[in-house]
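Protein chains in written order, with the numbering used here: chain C, 11 to 321; chain L, 51 to 225.
Keep in mind that the hints were calculated from the coordinates and are not lab data. Treat the hints with care, as some may be off.
A few chain L residues that face chain C, going by a derived Cβ cut-off under 8 Å, partial list only [said to hold, decoys possible]: (1) 67; (2) 68; (3) 71; (4) 89.
Heads up, incomplete: computed chain L residues facing chain C, CB under 10 Å, no partners named [claimed, not checked]: (5) 53; (6) 54; (7) 73; (8) 74; (9) 79; (10) 83; (11) 84; (12) 87; (13) 93; (14) 95.
The beta-carbon is built from N, C-alpha and C at its ideal position, and this holds for glycine as well.
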Amino acid sequence: MPALLARAELLSTIRQFFAGHGVLEVETPLLCHAGITDPAIEPLMVERGLSLGEPRFLQTSPEYAMKRLLSAGSGPIYQIARAFRDGEAGRRHNPEFSLLEWYRPDYDERDLMREVADLVQQCLGAAPVEEISYRELFQREAGIDPFAATVEALRSRANQLTDTGGMNGDADVWLDLILTHQIEPALRKREGLVFVCDYPASQAALARITEDSQGHAIARRFELYVNGIELANGYFELTDADEQRRRFAADNARREQCGQSQRPVDERLLQALSAGMPACSGVALGVDRLLMLKLGESDIRRVLAFDWERA
Amino acid sequence: MLDGEPCSILDNEFVKPGKGQAFNRVRLRNLKTGRVWERTFKSGESLEGADVMDRTMEYLYTDGEFWYFMEPDTFEQHQADEAAVADAKQWLKEQDSCEVTLYNGTPLSVAPPNFVELEIVETDPGLKGDTAQGGNKPATLSTGAVVKVPLFLSQGEVVRVDTRTGEYQGRAGKS
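With the rest of the complex left out, here is chain C (with noise of 0.2 Å):
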């Protein structure tokens, strides 16, 4: 019963907060016809109903649709909406989730950072905030250089981590391996709000690339850890229709290096992008993870009214 009086008190808030500060508050279908073509992420389907010509994807998140309506001309937008992600279950997984999302025409990664700050602050309370590149992060926590160093490298220092057996990986598998087993458990000591910033370019995402003062070629991306736990993720957009297109290949490209199945490309997103998506920066963060920090639980499912099991 506390958790979801707090649950009405904080989404009272976010809406409070983004009516104060001009963005519009939107609603996208959950059901879409094309999915996401990210590895990493796995698409649950609705195969069968009267309505359906083909079987359709529940959203893993609401950003295609958010940008097709970035690129008509919306203006600030957010939205509160449950997202779905196949296998996803853990202390701090649930297969179904609430994301906030929002996008802010006009800002850079950093611009929408402060914002973020401020919106989380203002659910949690006042607490030191940290910025920090990936790559310091890596310096800092694990001792490694993860732009200098070699695959095997990253490797053996996995290694010393935990036993993986004869697992394959490229840098970036051995990266989230430290990231996870390493990086975020040392995270789970610091106070407050860290933001990481500054990614590996093949970690970009949907995130612009351009080069840090070395010279390696980084992602506009940034992560926000609180108390050590994953909260939210931002990109400066990538907003060039003709990269979008190259990168949806070489998910799928990847896809089906690792045997997945390929997934068809939301062409209405491209088609919106080619049509012209305004300079933006756009963020998603987890809804009951904000809950889990403001309520001090370390269970995603002690803050849902009936977790994937019970559902």
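Put chain L on the given structure of chain C with help from the hints.
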């Protein structure tokens, strides 16, 4: 089955960076060696199930090389070697019910009952009138196990022991 060895999963934690590869950190116990360790898998990988099952069986006897157990409903007998009975052998009393883990039909491990009642076969003489003082002494039981018992107990008495801790629980009624 992992690397050809039967293992049981003790704990399985799903972890995932914001974007990118998800992993399962799995705490495993090797059922043959008892070794407990953590292995990380990419999420979604599958493992071959091991042909392992637990059965309640009656302990029959030992010939010194093998320990014999019987399934109470089929009367089928199984012989367990020393590696399988391991520490359990010091608690095995004929006709007691044990949990036997079979792997491909052969006993892999044996768990004794949580509580057993065993006779003291050797201990220092009991001290009369010393029932309240506390203090204890080693006693050898009929199965060869040595447990600490209160000073007032003497040879021939039957005691109840918790096999998980090896601790004396009390005197049992003689049967």
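**OP:** Could you tell me which of the numbered hints above are not met by this structure, giving the numbers in increasing order?
**Re:** Per hint list: 6, 9, 10 and 11 violated.
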